[in-house]
Amino acid sequence: MARKNRNPVGKNVDPEAQKKKTRTLTLKSSDGQEFSISESAAVLSIAIENMVEDDCAGGVIPLPLVDGGTLARVITYLNKHAEDGASDEEKRKFDEEFVSGMEMGVLFDVVLAANYLDIRGLLREVRRRIADRMKNKSVEWVRKTFHIESDFTPEEEEQMKKEFAWAWEGVDSDVDD
Amino acid sequence: MEGEITSTATTTTSAAEAVAYTDDVLVEILLFLPAKSIIRFKAVSKHWHSLISTSSFSHLHTLRHRKPQPSFILRAAPSLFFYFNPTRKKFLQFHLNFAHPRILQSCHGLLLLECGSSLSVNRDYYVYNPTTRDSRNLLLEKESLLGLRLAFDPSKSPHYKVICVSSTSYSIHFCEIQVYDSETRTWKRLDKVFTSSDFRKFNDGVYWNSGIYWIASGDQILSFDIENSVLESSPATMITSRGGRSLNMVHLMESSGWMHCVLHKDTLSSLLLVYEYEVKDNVNDWYLKYGVSFDLIAASFGERTYGKISVMGIITGERKEELSLVFHIPGKILVYRFHDGSSEELLDLRLVKFYRERQLQFGYHDAYQFIESLAPV
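Protein chains in written order, with this note's numbering: chain A, 1 to 177; chain B, 1001 to 1377.
Simulated from the structure, these hints should not be mistaken for laboratory data.
Take these hints with a grain of salt, some might be off.
[To be verified] Computed, partial: chain B to chain A, Cβ under 7 angstroms:
id, residue
1, Val1044
2, Pro1086
3, Lys1089
4, Lys1090
5, Leu1104
[To be verified] Each computed DSSO-like pair below joins lysine-lysine, with the alpha-carbon atoms no more than 30 angstroms apart:
id, chain 1, residue 1, chain 2, residue 2
6, B, Lys1042, A, Lys162
7, B, Lys1265, B, Lys1320
8, B, Lys1067, A, Lys93
9, A, Lys137, B, Lys1265
10, B, Lys1265, A, Lys144
11, B, Lys1353, A, Lys161
12, A, Lys137, B, Lys1046
13, A, Lys161, B, Lys1265
14, B, Lys1156, A, Lys162
15, B, Lys1089, A, Lys162
16, A, Lys161, B, Lys1089
17, A, Lys93, B, Lys1320
18, B, Lys1353, A, Lys135
19, B, Lys1332, A, Lys161
20, A, Lys135, B, Lys1090
21, B, Lys1320, A, Lys162
22, A, Lys161, B, Lys1142
23, B, Lys1067, A, Lys135
24, B, Lys1067, B, Lys1320
25, B, Lys1265, A, Lys135
26, B, Lys1067, A, Lys162
27, B, Lys1090, A, Lys162
28, B, Lys1353, A, Lys91
29, B, Lys1320, A, Lys135
30, B, Lys1265, A, Lys162
31, A, Lys137, B, Lys1289
32, A, Lys91, B, Lys1046
33, A, Lys161, B, Lys1090
34, B, Lys1192, A, Lys144
35, A, Lys161, A, Lys93
36, B, Lys1280, A, Lys137
37, B, Lys1090, A, Lys137
Since this is a predicted model, take the numbers as computed values, not measurements.
Just so you know, even glycine gets a beta-carbon here, dropped at the ideal spot from N, CA and C.
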């Protein structure tokens, strides 16, 4: 550090960044749970960063669209990605494990939270994971999982199945993984 | 919304619905899916169907899924087509809903079709996406057509061009070229006039590196640069000199960004030589990459070729460098992997209705790559 200080350009440790690391924010979930998080981790969410910048934070940031369970997960993600010295490889591995154990319902909660909080890396990871689970599944499985009622007639559905027979080939059984 | 979320169970239900009906969230998830899943999920609901069918979705999807593993469309009889997936070893009938369709070319997910009976003067020409089954009539009225080629590379542009070569009205020895642009939906005639004999084998041409390449009569490879409308020729003696009299097949093929010339010699146990077009010391030329004996491969499966071989294509595996040759001999579809010399039987055709002993079930001009793509036509 001392050596860096002698740098003629004056590339010092950014005092602002240092402050962010020590300053903590409180995030409040829809069900009233409060979580503390370092500002440097919290601002990986573009939405939170904007709130902090606009100074409308006032210590506690209410997140009325995210429940406590989901917020706890999101915070775990943010902390890892704000961690000093975590290599890209380490983060990649963390991301992989972070989403691999989640059920579809949890993935849906997290994708909505990441979308609302604008956390790009997490969004990409969760979207990819949801798509991965859907990839070889049947139309019926998708309807059940997404709570969608079909508005096609059985004849219309049969027609699509016939015309695109190759796309219906090799579909997994509907057992959840 | 706040009030609704009270327990984990309802969160899951409302979250699932929120994802299913929040279009921007849903679209971003669906864009990760391969074209095959997308086509199937069009049947989920009318809402999903319309979301997936927009041209902006197709375009984004095409850009994100650049090199899907190819399957094939095979023609067993004039109006009998099959879908064949070499990875999954699946063989299914494929319905082409056109009157007397003939596939002229497959190019990065789109097919060029000629439709109309051979007796009819009026033929229609279509650009067709076999994945989405969307088609566009090129509205081409030509009696003296010499050749028609499709040029499409979704990594460069979502639009395609069609190059039409036809005799001039005053002499069959000269020809003119019209280029169709899918973006403007118009045909445009080039000012230049060309020599008809140069375009004699234009319909065997492949689209590669912004041009159409074909083997002309003699020892020449001709190429037509589409952007600049320039016809160029380069010697191909390296290839043709190898063949001599025993040469019974020379084909150009494009696969995953490479252009190959496949040469089949009947002598020497049905030898196939594969040349790759590449730049060495600033000179573009053909270099021998692989050699393989069909008879030896067939023998390893207890089969004989009877001198009848149909090369279906050279495809890449999981890794771009790992090329495989997919080919057909009477009764079988086999694959030979150049990188490790292994071969495998992909399909036994002896049980299909159109099987005839010692005969090919489809020829070279009956096998076209089916690349799963949502590319708009």
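Results for each hint:
no.	hint	verdict
1	Val1044	holds, 5 angstroms
2	Pro1086	violated, 13 angstroms
3	Lys1089	violated, 10 angstroms
4	Lys1090	holds, 5 angstroms
5	Leu1104	violated, 21 angstroms
6	B/Lys1042 with A/Lys162	holds, 13 angstroms
7	B/Lys1265 with B/Lys1320	holds, 27 angstroms
8	B/Lys1067 with A/Lys93	holds, 26 angstroms
9	A/Lys137 with B/Lys1265	violated, 46 angstroms
10	B/Lys1265 with A/Lys144	violated, 57 angstroms
11	B/Lys1353 with A/Lys161	holds, 24 angstroms
12	A/Lys137 with B/Lys1046	holds, 19 angstroms
13	A/Lys161 with B/Lys1265	violated, 44 angstroms
14	B/Lys1156 with A/Lys162	violated, 33 angstroms
15	B/Lys1089 with A/Lys162	holds, 20 angstroms
16	A/Lys161 with B/Lys1089	holds, 20 angstroms
17	A/Lys93 with B/Lys1320	holds, 25 angstroms
18	B/Lys1353 with A/Lys135	violated, 33 angstroms
19	B/Lys1332 with A/Lys161	holds, 28 angstroms
20	A/Lys135 with B/Lys1090	holds, 18 angstroms
21	B/Lys1320 with A/Lys162	violated, 33 angstroms
22	A/Lys161 with B/Lys1142	violated, 37 angstroms
23	B/Lys1067 with A/Lys135	holds, 17 angstroms
24	B/Lys1067 with B/Lys1320	holds, 9 angstroms
25	B/Lys1265 with A/Lys135	violated, 43 angstroms
26	B/Lys1067 with A/Lys162	holds, 26 angstroms
27	B/Lys1090 with A/Lys162	holds, 16 angstroms
28	B/Lys1353 with A/Lys91	violated, 56 angstroms
29	B/Lys1320 with A/Lys135	holds, 23 angstroms
30	B/Lys1265 with A/Lys162	violated, 42 angstroms
31	A/Lys137 with B/Lys1289	violated, 41 angstroms
32	A/Lys91 with B/Lys1046	violated, 39 angstroms
33	A/Lys161 with B/Lys1090	holds, 16 angstroms
34	B/Lys1192 with A/Lys144	violated, 61 angstroms
35	A/Lys161 with A/Lys93	violated, 39 angstroms
36	B/Lys1280 with A/Lys137	violated, 47 angstroms
37	B/Lys1090 with A/Lys137	holds, 18 angstroms
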